[in-house]
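Novice: Residue numbers (the numbering used here), protein chains in the order written: chain A, 1 to 322; chain B, 1 to 534.
Worth flagging that the hints you see were computed from the coordinates, not collected in a lab.
Every value quoted in this text rests on a predicted model; they were computed, and no experiment measured them.
Any given hint could be a false lead.
[As the list claims (entries may be wrong)] Here are the simulated lysine-lysine pairs, DSSO-like style, with alpha carbons at most 30 angstroms apart:
1) B:Lys398 x A:Lys65
2) B:Lys198 x A:Lys65
3) B:Lys34 x A:Lys65
4) A:Lys65 x B:Lys212
5) B:Lys270 x B:Lys304
For reference, the chains in residue letters:
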Amino acid sequence: MLNYLFRRLNLLLITALILSIIAFIISLWSNQERPAQHINLFMLYLDYMGNILQGQWGISLINQKSHMINGLIAFSSTLELCLVALLTSVIIGIPLGIFAGIYRDGILDYTIMSIALIGLALPAFWLAIMLIMLPITFDLGLPIDGNISPIYEIPMITGFQLIDSLLASDLYDLAAFIDRLTHLILPAVVLSFFLTSEIIRLTRYSISQVMKSNYIKAANTKGLTVIQIVFRHVLKNALPPIIPQLRLQLNTIISIAMTVEIVFDAQGSGVWLLTSIRGGDYLALSAAVILISGFILLSSIVIDILQMVISPTTRKMLYADK
Amino acid sequence: MRFILIFTTALILSGCYQSESSLKDNLIYCPESKALSFNPQISHDISSLDATTHQLYNRLVKRDPTTQNYIPDLATGWLLSEDKLSYTFFLRENVNFHQTEYFTPTRHFKADDVIFSLQRMLDQDHSFHSVNRGMDYYFFNHPFTHLIRNIVKIDDYTIKFILKKPDITLLDSLAAHYSVILSQEYSEQLIARGTPEKIDFYPIGTGPYKFKSTNDAGITHYINHAKFWGGKVSVNNLIFDVTENNTKRYAKLLTGECDIIANPAPSQLKQMSEKPNILLSSEPTANILLWAFNSNKIPFTEKKIRQAFSQAVDQKNLLEAVFYQSATATNTLLNHQSWAYNRRSTDIQYKPQEALRTLQEMGYDFNSTITLLTPVKNSLFNHSFHKIAELIQANLLKIGVKSDILFLTQTELEKRLISGKYDTYLTSVNGKINDPDSIFRPLLSCDSTVLEGNSSQWCSKEVQSLLNLTLLESNFTTRIKNYYKLQEIIQEERIYFPIAHALRMDAFKTNISGFLVDPFTGINFQNIKKTEAH
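Assemble the whole structure, with the sequences as input and the hints as a guide.
Specialist: Structure below.
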């Protein structure tokens, strides 16, 4: 177990090093006052890393706040969107994937898969623009712009506005929370379109693999109903392999979320980077590299460990290695 | 399947959601851009005026929106001396300044505040004169410097303006957006704290709303000034939510995220006017879109060439293609609502054949290419310089005149204009006060530089003396006559080809009433009322 952790951390360190060098190069390039030729690049890099570790990521030209604070606030908003989208996609995608997997090559399977394919094929930003028209055409009264209505002035505590608005319930009761939630609906729908398609595809494949195996055939001959088979045997074996696949989608999801945020003008990392670049504040780019890729790295390790805990096959591989 | 699921969830959730516009106490106004500062003394763009003049501040006098007469604001009345050289103003008593988190006033408004605010623009030694680089702006002290010799405090509530020479534009200047009254007490506190620059960004005034906060996303909060001398406003929270994209602004008006939007896209006006729950307001402005001919450069030194070029452009077509209903065609520089507007001025007609004949007679070189400068950035009242320039180019090509369009950024443009190496220039000019001089002088005076507005590099003794004479003239009829004459000269000389006066457009829901826009000083939310959304 420890051995495994060490191996993972090793990999993490190497990747982190490469990333920090990229961030360093960007910051060098964006720095207006070029360092004199004779200064050692290595020393500069060490200086830079020292500052990063101390939380001094530079000051934004746009609002005179620290890049780290700006980045964290923006990224937490993006994460919130991703999490809400992930949750809805899992709720919708997994059952559909299971149906498609069990009745493989049936009408139900074809219908679900065609919809999933459309979901994969639609460009997110286009879908976002189309969805902006939804509340107007159907008179839904859903907000299409921003994170939360400007009426509510939510004090920032955690950076996650869903939580912050709940904490501010003494000011606005639940109105601010509901408002934040409604502001999340449309961006989350766009994002979950892509995610759900992906989850359906993965679940379907995984389920259909399990369905072919001998123990399912045995269960069938035992006379168990389909529901019993699915809950007793299939899910336990089919779901764990989906998790590492989802991990691979993490960066895609975040980058799509950033595009979607720009369309909906939600104040997340997409808008943060866009305004920074427009304002010539390129140091924000290097902060974004550290922040976003650092998050992806860390979370992929957490997912790995999580998978090891819940999946017997990965655990077995681990012990076999020993 | 997923469509249905998503749709029903959205429906259910939207049931819980209370659209912003249903809350009577809040009003959300969505302008196109952010205010540059919260003081109209140093920021003269429309967004800054909208965000400040009527909301945060008061002036000594203002104009009645219907009769256009001067009415008291912070002054209760005024007297003009026999020799017309001094104005005495009597000030309103018991006027409170805003009390905010960053300032608590200890006294009422008095003469010192007026002197402080106006001297800031006039007096170069004033401690706030150069704060926030106010003096960089052409209009910062321009309107007053030629006008006022001194401002004298007689007592706490009486003040006297002594003029250099009789000039009747004083009231216009005092009613203009830059004559707002700031708090002198606040300025002293700021100096003591060592942060004088905050005066323009954390504003203190006497207006119906007080500043609460503003953020990077362009959202500014104002709250009702409970001790406002002019009575209570009916909307407590005023919110400015900057939305750059005009389609998005329209969508937000429909979803109820905005109560009022500024500058709807001209192409959407027709659709908006067909919606039963949306009202459109249009207000003529002193803005003018014009095509300037560089009168210092051959061939535009010739009057006939300039005339021929104006005949070659199809103004009607331009307006229909670019502005739809959001502008009125014009043949003079003055707004048609102006008292000096000469109704009998001759029209420019679209006569390409005649233009061609004149050019041939004048020996115009059809192999040469003329330059057409135009800014890359569109102004608030002109949504597409690009399109207009291309239409002009196409019109010119019809009579065989070749032209090059140069789209330049502000800095490039300024360099080029100063160098004088251009034939024509497409631009728009905005009048700052309701006096014709504020339009004519920058455009036509020999003293006005190309960056101040004289993009035709025009200088004529006749026009100059007419401008100077009229400014000093106190007889109203003579002033009108002089301006009529001036317009006839411009018309004849064709220094500029005026294209259109853009209208200031705003759109709002039918549950909003009391909406008022002054073309010179911006939007006014003081009398606005909001009822339950339908």
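Novice: The structure should be examined with respect to each hint, and the outcome stated for every one.
Specialist: Now for the hints, and whether the structure bears them out:
About 56 angstroms separates the Cα atoms of Lys398 (chain B) and Lys65 (chain A), which puts this hinted pair outside 30 angstroms; it is violated. Pair hint Lys198 (chain B) plus Lys65 (chain A) holds up; C-alpha atoms about 17 angstroms apart against a cutoff of 30 angstroms. Of the pairs offered as hints, the one joining Lys34 (chain B) and Lys65 (chain A) holds, with about 19 angstroms between alpha carbons and a cut-off of 30 angstroms not exceeded. Between Lys65 (chain A) and Lys212 (chain B) the CA atoms are separated by roughly 20 angstroms; this keeps the pair inside 30 angstroms, and the hint holds.
For the given pair, Lys270 (chain B) sits about 40 angstroms from Lys304 (chain B) by alpha-carbon distance, which is inconsistent with the 30 angstroms threshold.
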